[in-house]
Amino acid sequence: MRRSRKLLAVLSTFAAVAAFSACSSQGGGDSVLTVWTFKQSEIKALEAAGADWGKQNNMTVKVSVYTPDDAYRTKIQAAAKSKTLPDIISIHSQGGDWKLAQAGIVQDITDDFTSSWQDQLLPGVIKGATLTEETIKNSGSDPTTTLNNLKAGHFYGVPYMAGTPGVIYANKTLLTAAGVDPSTTPASWQEWVAAIQKTQAHDSSTGGLATGLQVPETGYYWLYRPMAYAYLGADAFYGRQGRSQNPSWASEASIKTLELYNQLTPLWVPGVLGLGIDQADQAFASGKAAWVVGGTFTLSSLSTFGLSPDQVTIFPVPAASGGVSSRISYQASPLISGAVSSTSKHRAQAISFLKYLTSVKGATAFAENTLDLPAATIPVDSLSSPLLKQLVALVTSPAAGQTAFAANDFSADPGGTVAHDTAVQLAKFPAKSASIPDIANTISQLYTSAWKAVN
Amino acid sequence: MFAPYRRWAAPRHLRRGQWVGLLFVAPAVILFAVFGVYVVVYGFLLSFARWNGFSPDWTWVGVENYIALLGGNPAVSPKVAQATVNTLVGMLVLPIVVLVLGLALALLVNSVRRLRGLIRTVYFIPFVTTGIAVYYAWRFMYQPDGAVNAVLRALGLHSLAPVDGFLGNTTTALAAVIAVQVWSNVPIAMLLFLTGLQTIPDGVIEAARVDGASTVRTIWTIIVPLLNPVTALVVVIMLREALQNYQLYLLMTNGGPVNASNTLGLQSYSFAFGSITDLGFSSALGWLLAAVAIILAIVNLRVLRSRQ
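Chains as they are written, first to last, in full-length UniProt numbering: chain A, 1 to 455; chain B, 1 to 308.
So that you can see chain A by itself, here it is in the shape it has in the complex (with noise of 0.2 angstroms):
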């Protein structure tokens, strides 16, 4: 008996373990629509918008955050397997979400993600954030990054940030030092470079140009694809990393666009391979680099940095001269999607708070929060940063006549990791490790390499 009552307390206390990890693993009950984020700075945003939403609907946000990046992957692994993931995953778009959906841990929302939404969020967005035949296509069949079990066509998540990159910060009373007029945006590449050898000749450990070269993608995305872009033209930059390359990554036109980039090699600030993107930001808000390169998402990291807007002028990376195109323009590209997990038991209330998030009362909030652009469509001058209204016109005016720079477009690459190793080659440059055509050539093999393994 005596025995009996020890086993029936044991199992009892088994039992209450049991749930009470089961809750706290899941993380809420009927009444809790449950967030992930991988970003900090987003935390407020989500957190006064469920607040908002959460009053109207009667129920409560969880926003959780796991920062970095490989620990939210690993998080979002674990918990796929475990059963408990949260209703709300936070994830890039253009790939990230893509990318869980195809692992079956995120729903397909097409039929929720009505046209009548698409029509609030910003021009170029909905672009991106649609899934097309060619990327699905060029994912190849390799089991680590293939997307054939989705559709083109299709919505797996709705983008509630958006941005760009290839925005340039100046700073002001360093430009004005060497004599440089912040308030002229140079007219084009060659212009700029000629600036920031004005503000280096002044002081050669200040006046520099920053960005995270240690994460080399920062180089290739935010610099050389914009500038090649606008030099090549839409047919020839998208034809070189397509399957026949053409023109060729060594052609005359490509090799010219190299030959553009390097002229910044001298003028990149000392030590800047080794600065991460964090770094580089840090660095430019405390007057260690004249110029940074980055995004509409670099405004909340200089912000933390505590960087005083009025010290600032930006202006997005401007077109070489002698190129098919005297003047780029961007689109918007959507930059974070919130995606509904497979197991969510809120599917409804998932897709109301996204709705929310993307309204023009929840997106302002949640541009005045972070300080990064939303994916809505958002009447200007609500904003009272004058920097985030200049970044938001950025993105919403094209010059006439032509089609905006989708930055983020990697749909004409073939899958795997070409993308990386190209940036990895250009890096080279401002390493002086490597002469142009022998990167010309290495980044034509890589391409080569790489549409051979997804045919």
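Wrong hints could be hidden among the right ones.
Facing chain A, from chain B, some residues (calculated, C-beta under 10 angstroms) [claimed, not checked]:
1. 35
2. 52
3. 71
4. 74
5. 304
To be clear about the criterion: a stretch of chain B counts as covered by chain A if any three or more of its residues have a C-beta under 8 angstroms from a C-beta of chain A, and this derived list gives those stretches [as the list claims (entries may be wrong)]:
6. 165-172
7. 249-257
8. 293-303
Here are the in silico distance ranges between beta carbons for each label pair [to be verified]:
9. B:201 <-> A:71: 50 to 60 angstroms
10. A:286 <-> B:183: 25 to 35 angstroms
11. B:183 <-> A:204: 27 to 37 angstroms
Don't read these hints as lab results, they were simulated from the structure.
A quick note: this is a predicted structure, and the numbers were derived from the prediction, not measured.
The C-beta atom is built at its ideal place from N, Cα and C for all residues, glycine as well.
With chain A's structure known, arrange chain B on it following the hints.
Showing chain B alone in chain A's frame:
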């Protein structure tokens, strides 16, 4: 009929006692089974599959991952080849430098009569303090305007102070990270050698001195051979460190600039958590590293044992 009954009864009696023993060791066995055996078997099986960590199923590929890593895949092999060269540099430099510095410091500390405990503690500080904060501190010191360049410039050695700092330069990044590895591992080598030195009978050293042996000769022909077991241990530890430590490289350079400080350990991490997640490649590379480490340890121990 009787004998079999006795044979059956005796173990039954013992089983009651065994159950208690088994209950006591069960937590340790379960922990080892889950965190040891299961993980090792899981990782080994994964090395024969392709998996991005998200998809519900693995794709079995046999030994293709190993073939790809060893030169059969142009998208993977060049990275592994460069990481191999960098790792080999570490495997060569780290054991030699740590051995020399560790032994020298141990001899120095052993010869000191006063404050030996304090000095030993001071020299051991790098080992107990190494971690994220210290690696970040080194990163700051290696910056273009960091402490290392400042000291070099103050000494008039401007040509040795890289304009881009030590970590922003392809020619110095690997050496700079290995230097931090040396700094953080010399103390453990010193402590091991010190322990070894204290086991050498004073009479042996005295006899050598009486026979007229110089200090250098005493060290080279008497102390060093007697410390062979410790040397073997230090070499094995340093080879493991050079092969498998990726955290230091991840935090200080992330393998850059331009893969100049990428090592096999870091490459394995990058396969698992990089731009394209491929846990199959990561696992296969991890097993290759483990195999190399085991072979080197066996060779090293055999060579030193044959010299004894």
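Against the structure, the hints come out as follows:
1. A least Cβ separation of about 15 angstroms between residue 35 of chain B and chain A goes past the 10 angstroms threshold, and the interface hint is therefore violated.
2. Hint status for residue 52 of chain B relative to chain A: holds, with the closest Cβ pair at about 4 angstroms, below 10 angstroms.
3. With 10 angstroms as the threshold, the beta carbon of residue 71 of chain B stays out of range of chain A, its nearest partner Cβ sitting at about 13 angstroms, so the hint is violated.
4. The interface hint given for residue 74 of chain B is met, as the beta carbon of that residue sits about 4 angstroms from the closest beta carbon of chain A, less than 10 angstroms.
5. For the restraint placing residue 304 of chain B at the interface with chain A, the shortest Cβ-Cβ distance is roughly 39 angstroms, beyond the 10 angstroms limit, so the hint is violated.
6. As drawn, the segment 165-172 of chain B meets chain A at 5 residues by the rule of a beta-carbon pair under 8 angstroms; at three or more, the given contact holds.
7. Beta-carbon proximity to chain A at under 8 angstroms applies to 4 residues in the segment 249-257 of chain B; the threshold of 3 is reached and the given coverage holds.
8. Under a criterion of three residues with beta carbons nearer than 8 angstroms to beta carbons of chain A, the stated coverage of the segment 293-303 of chain B fails, only 0 such residues being counted.
9. Evaluation of the 50 to 60 angstroms hint for residue 201 of chain B and residue 71 of chain A yields a pass: the beta carbon distance comes to about 53 angstroms.
10. Taking 25 to 35 angstroms as the suggested C-beta distance range, the pair residue 286 of chain A and residue 183 of chain B conforms, at roughly 28 angstroms.
11. In this structure the hint that residue 183 of chain B and residue 204 of chain A lie 27 to 37 angstroms apart at CB holds, the actual value being about 31 angstroms.
Of the numbered hints given earlier, the model fails hints 1, 3, 5 and 8; all others are met.
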